[in-house]
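Let's have the full structure, built from the sequences with the hints guiding it.
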Amino acid sequence: MRRDIVTSLIGIIVFTVLLGLVYPLVITGVSQVAFPGNANGQKIYVDGKLVGSKIIGQSFKTPVLEKNGKPKEEEELVTEADPRYFQSRPSATEGGAYNGAASTFSNRGPNDKATEEADAENIKEYLELNKPYDAGLTVAKIPVDAINTSASNLDPEISQANAWIQAHRIAAVRKLSLSVVDGLIAKYTSGRGLGFSGEEGVNVLELNLALNSLSGGTK
Amino acid sequence: MTFAGWLTIVLFAVLLTAFAMPVGSYMARVYTGERVFLSPIFAGPERLLLRLLRVDSERGQDWKAYAKSLLIFSLAGWLLLYIILRTQNAFYVPSALNPLGYHSAPWNVTFNTTSSFLTNTNWQYYSGETTMSYLSQMIGLTVQNWLSAGVGIVVAVALVRGIVSRSGKSIGNFWQDLVRTILYVLAPLSVLIAIVLVSQGVIQNFTTYLTAHTITGLTQSIAMGPVASQEAIKMLGTNGGGFFNVNSAHPFENPNGFTNFFEMLAVLIIPAALVFMYGRMTGNRRQGYAIYGAMMLMFLGAVVVAYVAEAHGSPAQHAAGLNTHVIAGSTGGNMEGKEQRFGIAGSALFDVVTTVTSCGAVNSAIESFTGIGGAVPFANLSASEVIFGGVGTGLYSMLLYVLLAVFIGGLMVGRTPEWLGKKLEAREIKLAGLGILITPLAALFCTALATASHAGRASISELGKGPQGFSETFYAYLSQANNNGSAFAGYTGFIQPNAGNVGSHGVTFADLLGGFDMIFARYAPILFALAVAGALAGKRITPAGLGTMRTDNPTFVVLLIGVIILVGALTFFPALLLGPIVQGLTGHLY
Chain A
1 MRRDIVTSLI
11 GIIVFTVLLG
21 LVYPLVITGV
31 SQVAFPGNAN
41 GQKIYVDGKL
51 VGSKIIGQSF
61 KTPVLEKNGK
71 PKEEEELVTE
81 ADPRYFQSRP
91 SATEGGAYNG
101 AASTFSNRGP
111 NDKATEEADA
121 ENIKEYLELN
131 KPYDAGLTVA
141 KIPVDAINTS
151 ASNLDPEISQ
161 ANAWIQAHRI
171 AAVRKLSLSV
181 VDGLIAKYTS
191 GRGLGFSGEE
201 GVNVLELNLA
211 LNSLSGGTK
Chain B
1 MTFAGWLTIV
11 LFAVLLTAFA
21 MPVGSYMARV
31 YTGERVFLSP
41 IFAGPERLLL
51 RLLRVDSERG
61 QDWKAYAKSL
71 LIFSLAGWLL
81 LYIILRTQNA
91 FYVPSALNPL
101 GYHSAPWNVT
111 FNTTSSFLTN
121 TNWQYYSGET
131 TMSYLSQMIG
141 LTVQNWLSAG
151 VGIVVAVALV
161 RGIVSRSGKS
171 IGNFWQDLVR
181 TILYVLAPLS
191 VLIAIVLVSQ
201 GVIQNFTTYL
211 TAHTITGLTQ
221 SIAMGPVASQ
231 EAIKMLGTNG
241 GGFFNVNSAH
251 PFENPNGFTN
261 FFEMLAVLII
271 PAALVFMYGR
281 MTGNRRQGYA
291 IYGAMMLMFL
301 GAVVVAYVAE
311 AHGSPAQHAA
321 GLNTHVIAGS
331 TGGNMEGKEQ
341 RFGIAGSALF
351 DVVTTVTSCG
361 AVNSAIESFT
371 GIGGAVPFAN
381 LSASEVIFGG
391 VGTGLYSMLL
401 YVLLAVFIGG
411 LMVGRTPEWL
421 GKKLEAREIK
431 LAGLGILITP
441 LAALFCTALA
451 TASHAGRASI
461 SELGKGPQGF
471 SETFYAYLSQ
481 ANNNGSAFAG
491 YTGFIQPNAG
501 NVGSHGVTFA
511 DLLGGFDMIF
521 ARYAPILFAL
531 AVAGALAGKR
541 ITPAGLGTMR
551 TDNPTFVVLL
561 IGVIILVGAL
571 TFFPALLLGP
581 IVQGLTGHLY
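Just so you know, the protein sequences line up as chains A and B, in that order.
No gaps in the numbering here: position 165 of the first sequence is 165 in the numbering used here, and each next residue is one more.
No gaps in the numbering here: position 268 of the second sequence is 268 in the numbering used here, and each next residue is one more.
Simulated from the structure, these hints should not be mistaken for lab results.
Among the hints, a few may not be true.
In silico lysine-lysine, DSS-like type, Cα no more than 27 Å apart, as pairs [stated by the list, open to error]:
1) B:K68 - B:K539
2) B:K465 - A:K113
3) A:K187 - A:K49
4) B:K68 - B:K169
5) A:K124 - B:K465
6) A:K175 - A:K187
Structure below.
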């Protein structure tokens with residue numbers, strides 16, 4: 001008994017040092033030397049300013065302003081979709097959409113009225129935003145990822161179908177040809193892992209940054 | 001459903017088997033004390049560690065001594081982890097390792113979390129990035145990710161030793177087995193996995209949370225931390241406790257389709273390899289193949305159901321008018337609570353991989369799975385984690401089922417049941433029976449208590465109406481009893497209005513009931529498994545006769561699957577009817 005207690009106490013301390021300090025520090029050291037960009041979160045800077053991480057989704061809505069010019073707040077900042085940018089999937093993180101410091105599941109059940117209502121709300125918003133530029137757009141043509149929240153609520157990608165629909169709006173607002181926008185979508189679509197694992201998706205932040213750096217068109 | 005989706009599933013099964021076989025042979029050699037290719041590197045550290053621990057590794061332990069070492073070591077780990085988590089912002093914690101100055105979570109939540117990580121459950125009532133300091137994640141949670149995995153594996157090894165032992169009482173030495181597991185099995189794989197993950201975009205740093213200014217004039221805060229080191233052992237040790245709240249759905253934990261596939265392999269590699277190790281250690285590899293076959297058949301069945309159900313879409317989507325079929329540029333399906341980069345197949349497969357094992361990591365919201373898709377994790381848990389199962393726990397639980405199946409087979413042919421040359425008698429059957437029934441007993445007892453009491457229903461989420469609320473509760477205690485840790489995440493035991501735990505409080509009923517559920521359902525079966533090992537170790541081996549029922553052929557595989565499904569179905573079917581099955585059979589919205 002005593003022997004076991006002594007061994008356990010020494011053991012837990014030794015293992016804590018080895019596995020809790022040495023191991024993470026070794027991995028950190030190797031990572032920071034071999035893959036510094038990845039290990040630090042694939043930060044993207046524009047004009048020296050941090051605009052986000054390549055693999056953490058963002059909201060591309062703009063703050064709604066009050067008459068006095070201040071951003072409107074109703075518990076959270078009120079925002080509306082910026083038609084000049086591709087919009088990410090709906091997000092329900094606390095403290096505003098795409099809060100990268102508080103990932104959360106939406107936990108919407110498959111048979112919940114609340115899920116249907118949230119979907120209906122998102123469908124309405126999506127149609128209002130895109131239908132004016134794509135007359136043939138109907139509910140049945142909207143890809144599911146544009147309406148359903150993701151698991152992390154920080155999904156950096158949208159489906160190609162979602163991007164192709166939004167491309168009509170982007171082209172019209174920015175006065176670009178549709179083929180230029182579709183070309184960019186193809187450029188920022190990542191393939192499946194090893195060619196089969198997962199699905200293809202379009203990185204929204206990279207795509208929007210590419211739009212901004214295009215010459216020609218309006219910004 | 002897509003071709004790539006089905007291909008992913010098939011290739012996964014093939015690659016898993018291909019990798020697990022050599023690892024299994026390797027592990028058999030490690031635990032029988034043969035030299036392996038890593039011996040030149042680890043033999044020195046192994047001796048040093050054992051000397052430091054004052055262990056005489058030559059001395060074998062009988063099952064009681066083995067169990068005593070295991071329990072005392074677990075208790076020491078429990079106490080240290082509790083202290084670490086409760087002193088998260090003490091004066092001696094360097095601020096670089098708690099950059100946001102997080103306070104400790106309340107006592108009841110910490111009780112639950114500590115019990116959870118000790119038992120390889122990794123049930124999380126807290127959300128990583130708003131609750132835990134980097135130091136707590138490293139020296140607290142990461143350490144138990146290793147040790148709880150190690151403890152599970154050594155129990156399986158001890159049981160196999162008891163089964164094949166030709167004489168005597170010894171089932172090995174707990175400390176030596178633990179040190180070997182960590183050095184020879186977990187360490188090389190974990191380091192390799194961590195570095196591959198970083199190369200794909202999993203982060204590993206100690207910087208404070210970032211503040212980004214987006215191109216549309218918003219600010220975004222982004223959580224950081226030493227993620228890859230914890231992620232690797234989280235998957236490899238079938239722990240499943242995420243660094244971040246959304247676990248493997250978070251892009252910093254699981255950045256792309258490749259890492260998703262890789263992490264799934266990491267989860268199943270050891271549970272699968274242990275089965276091949278068992279075959280080798282019994283001296284008849286076909287014994288391992290038979291069990292592997294039974295596991296793989298049940299696994300694939302679960303994957304197919306989950307994939308088809310999720311690709312079909314949910315009643316809520318259809319009611320809103322969405323088209324859930326495959327269209328150009330989108331694979332449709334129930335994308336609520338799923339990430340674009342994994343898609344339906346990658347989410348369904350991941351879900352099955354982590355719920356057949358005791359991993360419990362998630363890359364999609366199980367609460368948002370369709371009724372039938374969500375019934376799959378329920379069914380996996382109802383089979384008591386024997387379809388591969390957790391590291392070690394899977395094999396020893398499965399071997400108890402094998403014992404039961406041999407007994408039932410023996411009754412059918414009317415002979416004293418024999419298993420690998422050993423006569424099975426009343427004592428072993430009683431122990432195995434109890435070992436098998438503990439987990440369902442704990443799960444159903446806690447679910448009943450939580451559904452029937454006001455204090456228990458307080459944990460059900462706002463959205464959990466009708467059968468969904470029951471499903472949340474049932475899943476919570478089923479998952480904790482199976483030491484799985486995945487969740488219908490709406491069920492809560494922790495109210496946290498602000499990040500950093502200021503002003504937060506726990507739901508004592510859910511925290512404590514869950515904590516005891518995990519501890520009881522972890523250590524009681526371990527004791528039964530070790531007792532079976534002890535009972536078998538002393539038995540003489542008699543040569544197999546003509547009438548001996550074979551345990552290495554397809555007939556036995558069918559019998560084994562039958563026994564598992566029958567026990568699981570009879571125990572859980574009534575409860576399952578009230579939750580997921582109701583939802584799966586109706587399109588009704590609540």
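Hints breached by this structure: No hint contradicted; all consistent.
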